[in-house]
Amino acid sequence: QQPVQSPQAVILREGEDAVINCSSSKALYSVHWYRQKHGEAPVFLMILLKGGEQKGHEKISASFNEKKQQSSLYLTASQLSYSGTYFCGTEEIGDDKIIFGKGTRLHILP
Amino acid sequence: GAVVSQHPSRVICKSGTSVKIECRSLDFQATTMFWYRQFPKQSLMLMATSNEGSKATYEQGVEKDKFLINHASLTLSTLTVTSAHPEDSSFYICSAKKLAGSSYEQYFGPGTRLTVT
Numbered sequence: 001q002q003p004v005q006s007p008q009a010v011i012l013r014e015g016e017d018a019v020i021n022c023s024s025s026k027a028l029y030s031v032h033w034y035r036q037k038h039g040e041a042p043v044f045l046m047i048l049l050k051g052g053e054q055k056g057h058e059k060i061s062a063s064f065n066e067k068k069q070q071s072s073l074y075l076t077a078s079q080l081s082y083s084g085t086y087f088c089g090t091e092e093i094g095d096d097k098i099i100f101g102k103g104t105r106l107h108i109l110p
Numbered sequence: 001g002a003v004v005s006q007h008p009s010r011v012i013c014k015s016g017t018s019v020k021i022e023c024r025s026l027d028f029q030a031t032t033m034f035w036y037r038q039f040p041k042q043s044l045m046l047m048a049t050s051n052e053g054s055k056a057t058y059e060q061g062v063e064k065d066k067f068l069i070n071h072a073s074l075t076l077s078t079l080t081v082t083s084a085h086p087e088d089s090s091f092y093i094c095s096a097k098k099l100a101g102s103s104y105e106q107y108f109g110p111g112t113r114l115t116v117t
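If you're matching them up, the sequences are chains E and W in order.
Residue numbers for the first sequence follow the numbering used here, so the first one is 1 and each next one is one higher.
Residue numbers for the second sequence follow the numbering used here, so the first one is 1 and each next one is one higher.
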């Protein structure tokens, strides 16, 4: 079942923060976050496995709620290089595949 | 990180011909690889799961006779688009699963842009 991502698109000025949400109607085994630049393949950002987990990667971090049905990606003090489309991919318990949300387009203005 | 390559990066073929796309994990072994298709400004749609040494598992709506998948070794999976038609034109991306401790990470190849004329 495809996860729901919100918002669909965000426009920020450099230095501002953004939050991208990803939710499922079912409890998940894992959530994966990727960023894709135009014309390129997606690039792995991080994976979350445990309920209540928070994980950081420089100024990009993510959380996975206790029920393991919702994840958020946090972009702080955004940089121009953060522009792109962010996808969350979810893996349901007992299913060996990742299904991607529709993506969130992030555009950073100088 | 890990490196996954795809070949070719771009291919143009005539309607009715077949095209083979290769996906290789260069610095790790991948028992499982995935094939996705992405239309412009859309999400990645999973086509099939490719397991080394066994038949691929196709998603609903994906024709297994049209999209032939072979995972002959732990580092190579191939996707053959048979009797290609213009509607098959798309960006095809593979990914490979790399074990990481008790978890795993999934790395994508650079993609293959297929144009059928």
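Everything labelled a hint here was simulated from the structure, so no lab data went into it.
We put the CB at the ideal spot given by N, CA and C, even for glycine.
Any given hint could turn out to be false.
Partial pick of chain E residues on the chain W-facing surface, computed with a CB cut under 10 Å [said to hold, decoys possible]: (1) K26; (2) A27; (3) Y34; (4) Q36; (5) A41; (6) P42; (7) Y74; (8) A77; (9) Y82; (10) S83; (11) T85; (12) D96; (13) I99; (14) F100; (15) K102; (16) R105.
Evaluation of the provided hints:
no.: 1; hint: K26; in the structure: violated (17 Å)
no.: 2; hint: A27; in the structure: violated (17 Å)
no.: 3; hint: Y34; in the structure: holds (8 Å)
no.: 4; hint: Q36; in the structure: holds (8 Å)
no.: 5; hint: A41; in the structure: holds (4 Å)
no.: 6; hint: P42; in the structure: holds (5 Å)
no.: 7; hint: Y74; in the structure: violated (20 Å)
no.: 8; hint: A77; in the structure: violated (24 Å)
no.: 9; hint: Y82; in the structure: violated (18 Å)
no.: 10; hint: S83; in the structure: violated (15 Å)
no.: 11; hint: T85; in the structure: holds (9 Å)
no.: 12; hint: D96; in the structure: holds (7 Å)
no.: 13; hint: I99; in the structure: holds (6 Å)
no.: 14; hint: F100; in the structure: holds (5 Å)
no.: 15; hint: K102; in the structure: holds (5 Å)
no.: 16; hint: R105; in the structure: holds (9 Å)
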